[in-house]
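A.B. asks: Read off the chains here:
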Amino acid sequence: MHTQSLYQEVILDHNRKPRNYGVLDQASHHAVGHNPLCGDRLEIALNLADEHIDRIAFQGESCAICKASASMMTAAVKGKTRDDAEILIQEFRDMALGKLDPGSQHHLGRLTVFAGVRDLPTRVKCAILPWHTLQAALNSVTSISTEAADDPMHAPVGGAS
Amino acid sequence: MTPVEPVLEPQLTAAFDVERIRADFPILKLKIDGKPLVYLDSAASGQMPQPVIDRLVRYQTTQHANIHRAVHYLSEVATAEFEGARRKLQRFINAREDREVIFTSGTTEAINLVMHGYGRKFIGAGDEIILTTLEHHSNIVPWQMLAEEKGARIRVVPINDAGELLLDEYEQLFNEHTKFVGVMHVSNALGSINPIKQMIAFAHARGVPVLIDGAQAAPHMQIDVQDLDCDFYAFSGHKMCGPTGIGILYGKADLLERMQPFKGGGDMILSVTFEKTIYNTIPQKFEAGTPPIAAAIGLGAAADYLSAIGMEAIATHEHALLNYATEQIRRLPGVSIVGTAALKAAVLSFVVEGVHPHDIGTLLNQQGIAVRTGHHCAQPVMQRFKIPATSRASFAFYNSMAEVDTLIAGIRAAQKVFA
Chain A
1 MHTQSLYQEV ILDHNRKPRN YGVLDQASHH AVGHNPLCGD RLEIALNLAD
51 EHIDRIAFQG ESCAICKASA SMMTAAVKGK TRDDAEILIQ EFRDMALGKL
101 DPGSQHHLGR LTVFAGVRDL PTRVKCAILP WHTLQAALNS VTSISTEAAD
151 DPMHAPVGGA S
Chain B
1 MTPVEPVLEP QLTAAFDVER IRADFPILKL KIDGKPLVYL DSAASGQMPQ
51 PVIDRLVRYQ TTQHANIHRA VHYLSEVATA EFEGARRKLQ RFINAREDRE
101 VIFTSGTTEA INLVMHGYGR KFIGAGDEII LTTLEHHSNI VPWQMLAEEK
151 GARIRVVPIN DAGELLLDEY EQLFNEHTKF VGVMHVSNAL GSINPIKQMI
201 AFAHARGVPV LIDGAQAAPH MQIDVQDLDC DFYAFSGHKM CGPTGIGILY
251 GKADLLERMQ PFKGGGDMIL SVTFEKTIYN TIPQKFEAGT PPIAAAIGLG
301 AAADYLSAIG MEAIATHEHA LLNYATEQIR RLPGVSIVGT AALKAAVLSF
351 VVEGVHPHDI GTLLNQQGIA VRTGHHCAQP VMQRFKIPAT SRASFAFYNS
401 MAEVDTLIAG IRAAQKVFA
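Chains A and B, in that order, are what the protein sequence lines are.
Heads up: the first sequence runs through residues 1 to 161, numbered per our numbering.
Heads up: the second sequence runs through residues 1 to 419, numbered per our numbering.
Heads up, some of the hints might be wrong.
Unchecked claim - Now the in silico label distances, taken between C-beta atoms and shown as ranges:
| hint | chain 1 | residue 1 | chain 2 | residue 2 | range |
| --- | --- | --- | --- | --- | --- |
| 1 | B | ALA125 | A | GLN8 | 54 to 62 Å |
| 2 | B | VAL57 | A | ASP83 | 57 to 65 Å |
| 3 | A | GLN90 | B | PHE274 | 55 to 63 Å |
| 4 | A | PRO36 | B | MET145 | 17 to 25 Å |
| 5 | B | GLY34 | A | GLN90 | 34 to 42 Å |
Hints listed in this document are in silico derivations from the structure and should not be mistaken for laboratory results.
Don't be surprised by glycine CBs; every beta carbon is placed ideally from N, CA and C.
The following block holds chain A by itself, in its conformation from the complex (with noise of 0.2 Å):
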């Protein structure tokens, strides 16, 4: 694919203007997620009421493709109960793999904007570390790396010098 792709308008306008950037007021939910590869850090922290997620903030340092990624779900997993959150999770990395079935129901929306980075392997890391961010924080894990031993995604990239 052209990586020109990648980095369209909707990508660019939610680097630009992030939304629900910031800090949570008593949040019930929290995670920290970072990708050692390239030192992006990112924070969630979310208020869980009734199994819904009624609040959802994130802040960080990371590149377009992650913050982006943030922002946008952030607005998608906004309103919804932590099982269609855990849903989105799945089909979104599903897609960032290359594993999304094209023929099947899905509900990822625009976020399929973020579909080219199953050609791009070294930033595929990138689109994901909000969507494990947020699972470990629906699942109360304080703090999460995309190096970690056990994490799916694990997959050497670069560290020549």
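Using the hints provided, position chain B relative to the given structure of chain A.
C.D. replies: Same frame as chain A, now just chain B:
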């Protein structure tokens, strides 16, 4: 103390025909997404010229057998070629003797060899090891492992905002506990050329041996280990037109003889009984098992190739590339260079305001330009400059001025995407 390193003065010579050199590198003819490859990641790994590729093929098709073993024809040929490669590398760095040249899998293994062979034998509790902020993780982590095991302590030479080592601070770190110094010749993240000759002399005056990580220097400048008087000098084959999986540890013979072996196995022994094993002499003492014979011979061919072009001519051309690229990049608003040492090799680390290095890397890749983005296995350097990562263009003698122009246009285009 003031630096007395020889300055690499660029003298542009008409004799350096970069197009003729580029013709030697088949990979440079590749197109990426229809765009000609602009390979600016030679600090991570260099490309291989046809004569080295041919040498590998010739070895594998007509000369291969195990070395130092059998009496048959092929084993003798392979042994002679392998030992011949050792002598080529000896000449390449002007070592006194060929037995001072040990084949390793690369710089990382060479440093680990010194840590195990020298460090674990001669460094103990309360001893101090001096490293620098600039070091690659491969010259930090082995020493941390040793320090943890032995109860030794690591002291770190700081750098200034230009990415130059602070020599006064270096000197002040020495005390009666100082037992070892490890320093890189050229910084992979910033390009700084360190005043190692002066640092070595200072350490030697206090009886402290010095290891030089030469991974980023060997491909770019004439190395003379006798003139430097370093105790150890480590470098990798794949950064100097050779294959991966092969590298060199140079060590002074008397030191290598006093060291304990790193890995046990075949070839590193004279005799083995279950009561006692007698180790082989150097360099075999440190070359357990069947080495990557083809890679070693390929590295010998790479040293020949570089020497035929001339390390001075290479340094001169690369310096011209660096100066031109630095000048051009400085004209770009919102782009700043990280690492502005007075003495630099052709490494250009930069950050673009408002654009993450990974996005720069992906957008440059669209234009066929290969740069490295990330922390360059030098996280302490990134921490020093309070940045998570940089984009790094690193040049080799096969890069052209036109490629610098492509890089500059690529950065402009990336900035436009994020404007």
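A.B. asks: Hints first: check each against the structure and report whether it holds.
C.D. replies: Structure-based check of each hint:
no.: 1; hint: B/ALA125 to A/GLN8: 54 to 62 Å; in the structure: holds (59 Å)
no.: 2; hint: B/VAL57 to A/ASP83: 57 to 65 Å; in the structure: holds (59 Å)
no.: 3; hint: A/GLN90 to B/PHE274: 55 to 63 Å; in the structure: holds (57 Å)
no.: 4; hint: A/PRO36 to B/MET145: 17 to 25 Å; in the structure: holds (19 Å)
no.: 5; hint: B/GLY34 to A/GLN90: 34 to 42 Å; in the structure: holds (36 Å)
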